[in-house]
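Just so you know, the sequences run in chain order A and B.
full-length UniProt numbering puts the first sequence at residues 1 to 413.
full-length UniProt numbering puts the second sequence at residues 1 to 413.
Each statement offered as a hint is correct.
As the list makes no split between identical chains, a pair holds if one copy fits it or if it spans any two.
Result set (DMTMM-like, lysine to aspartate or glutamate): computed pairs, CA atoms no more than 25 Å apart in a straight line:
1) K361 - D42
2) K361 - D236
3) K91 - E229
4) K63 - D8
5) K91 - E243
Calculated directly from the structure, the hints in this document are not laboratory data.
Since we're looking at a predicted model, the values are computed, not measured.
2 protein chains.
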Amino acid sequence: MSESSKFDQINPPYRLLMGPGPINADPRVLRAMSSQLLGQYDPVMTNYMNQVMELYRALFRTKNHWTLLVDGTSRSGIEAVLVSAIRPGDKVLVPVFGRFGHLLCEIARRCRAEVHTIEVPWGQVFSADQIEDAIKKVRPRLLLTVQGDTSTTMLQPLAELGDICRRHGVLFYTDATASLGGNALATDAWGLDAVSAGLQKCLAGPSGSAPITLSPQFVEVVRRRQCVEQGIRTADHVDGDDEMIYSNYFDLGMIMDYWGPERLNHHTEATSMLFAARECARVILEEGLECSVARHQLHGAAMLAGIQGLGLEVFGDQSHRMNNVLGVIIPPGVQGEQVRQMLLNDFAIEIGTSFGPLQGKIWRIGTMGYNARKDCVLQTLAALEAVLNRLGFASRQGEALQAAWNVYTAGSC
Amino acid sequence: MSESSKFDQINPPYRLLMGPGPINADPRVLRAMSSQLLGQYDPVMTNYMNQVMELYRALFRTKNHWTLLVDGTSRSGIEAVLVSAIRPGDKVLVPVFGRFGHLLCEIARRCRAEVHTIEVPWGQVFSADQIEDAIKKVRPRLLLTVQGDTSTTMLQPLAELGDICRRHGVLFYTDATASLGGNALATDAWGLDAVSAGLQKCLAGPSGSAPITLSPQFVEVVRRRQCVEQGIRTADHVDGDDEMIYSNYFDLGMIMDYWGPERLNHHTEATSMLFAARECARVILEEGLECSVARHQLHGAAMLAGIQGLGLEVFGDQSHRMNNVLGVIIPPGVQGEQVRQMLLNDFAIEIGTSFGPLQGKIWRIGTMGYNARKDCVLQTLAALEAVLNRLGFASRQGEALQAAWNVYTAGSC
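So that you can see chain A by itself, here it is in the shape it has in the complex:
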């Protein structure tokens, strides 16, 4: 048929992806995905599922039994957590410091929550006191936070929030999609009740699988809303006494029953994405989680030094920046999109644009996952300097690269 011959086999051109994600996948992860499939109840397959649970417990730094994958992009993990916990009318508090805070509001609104927000200007984060004050005022059932918001490159400190939530009887969730593996996160030590993530940032995989972890307390909330499907229920199945969850696909009770010993059919596990998720975790844990975070810190610092060496300004409160993404203010007289086009067309390097209040004002440059490497940082800086020079922006020739190099001579990972 003409439809097929017209379209050649997949053969993406070479790209160095240095934006806010997705970034280049680790070749090990791509190879894992090319493995042949297994039946969903094959003992080898269910064993792989159990291994994934164990591997992600280590990544999330938790003892939570219920640590598993939601089959969809990172956003699917967020929605699964929110729709499984939020009953219509429940009050939620969202500290908004960027686009992904708005997203949590948006999803919570779709769950018919009563959504309360506090906001800081883009480029800042919240103090624990600001959040506790709002909790006292709002009395929410859930606190919904974003750990790293790539839209602003800021990292919200979470370590003190768990105690606050516990004191006020609030469930504590964070979206760690953009931060996990590249910034410290300690689910149990920080008292988090639910964390969701994705593979396409610091974990060096493709978008399409959302690892999540749930505390026993969170699981209780979900279990009280338990339903079992007509087509597969038996006399032994008892529904919970709380309001049902208004989604089947995202019903974490059903997803737990599928991942648990009963292996009660829900969806058909996305096998290739599970293979990817497993390999992402193996790559990080072989390196060591702390070393992976330190590596992101190092290459983020080198990129920062290089950008400043170029004579460019960076965006936001640098004491609360994510290790893995840097906001760079587009200098006066330079057209941001033209620079991105030249980088992509002439160097095959992609850096990020931005949106909302920052649209046209900053570039976002990532150093994460497989691309948190010295060669990626130095190549990007060299290319950016050349492009800016070409467009008439005078840098002190050579200083950017030397500054980045100096960071590497000082630290190492």
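Given chain A, put chain B in place with the hints provided.
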């Protein structure tokens, strides 16, 4: 770390998957998935997305512009269609002839629909008259059907239902997850308003991506419920005048805006799964869609002849059987699970069990996608005969294989 060294690289043992799906993926699809990633707004990537739309229009036999992927398993495609169309209190009619009819009820219930069902015993399908009578009585807003229900192996005829729905002002949806590519389906000619599918059955790919197609009439329904996210909306965005969609991830309006020329960010497209979906479509369209259906018909017929040659009975109304899966009645005195275990452990062949009213009563044997091949059929029959003989079930030695062979000598594809 111990967590990683403990778990070796992915290396699934060889399996011939002859159950109701997932089945072995076509190696071309696995290779496509191992391609390196691209940025989500890279022109090469958005061009791949446009190609996927065009390829699936051919597979669904439709001119519908809005033909795209939902990022999740086939169940995610179902929920996206249902939650985007159903407003709380809307009446829906579901003709239930197996487990996946119950699933449609279950998902519709989560959307707070008023769910009406008609039922036939497992192993049968509905006449068009039965469905029209129910439509007249219930006056639903949507008719929700399953084309091929693997739980019973039955294929519901759909060709006449579009006209009926049009006459009564009903939106017409079918779940073609298990049937697409192996059984005739004509979205436009049959007057379907929405169809969803999956890759892991006749399309020879992995679970994890759900192709869907939406008629202009269906799109209008969705557009009236349009919302644009806070974090990315501009003054130009106007919300619809109908009730909002109670999901963000499955909001087909937002998903269309992401796949459309505006490329408004929603999720980050699951790139590797998109590569898989694209290759699945290319494989089928290179063969020719009609030839793919004929191939499934041929190998299904050969399996049927072989099973009958073994002296086994088959399940359900054979004039309405899916081409790609056969229900085989477990003969008296034989333990179904023991046979499945021996096939898996000694021959590396997986056939399916069953659930609900058929649990313990039938096996389900698939001939679909990459495994709709002569060698798969003959190997499975030879192994099944040997296992049954081993367990004391006397077949007329050799007749099963000869009967299947005869089908191949008569027909070819």
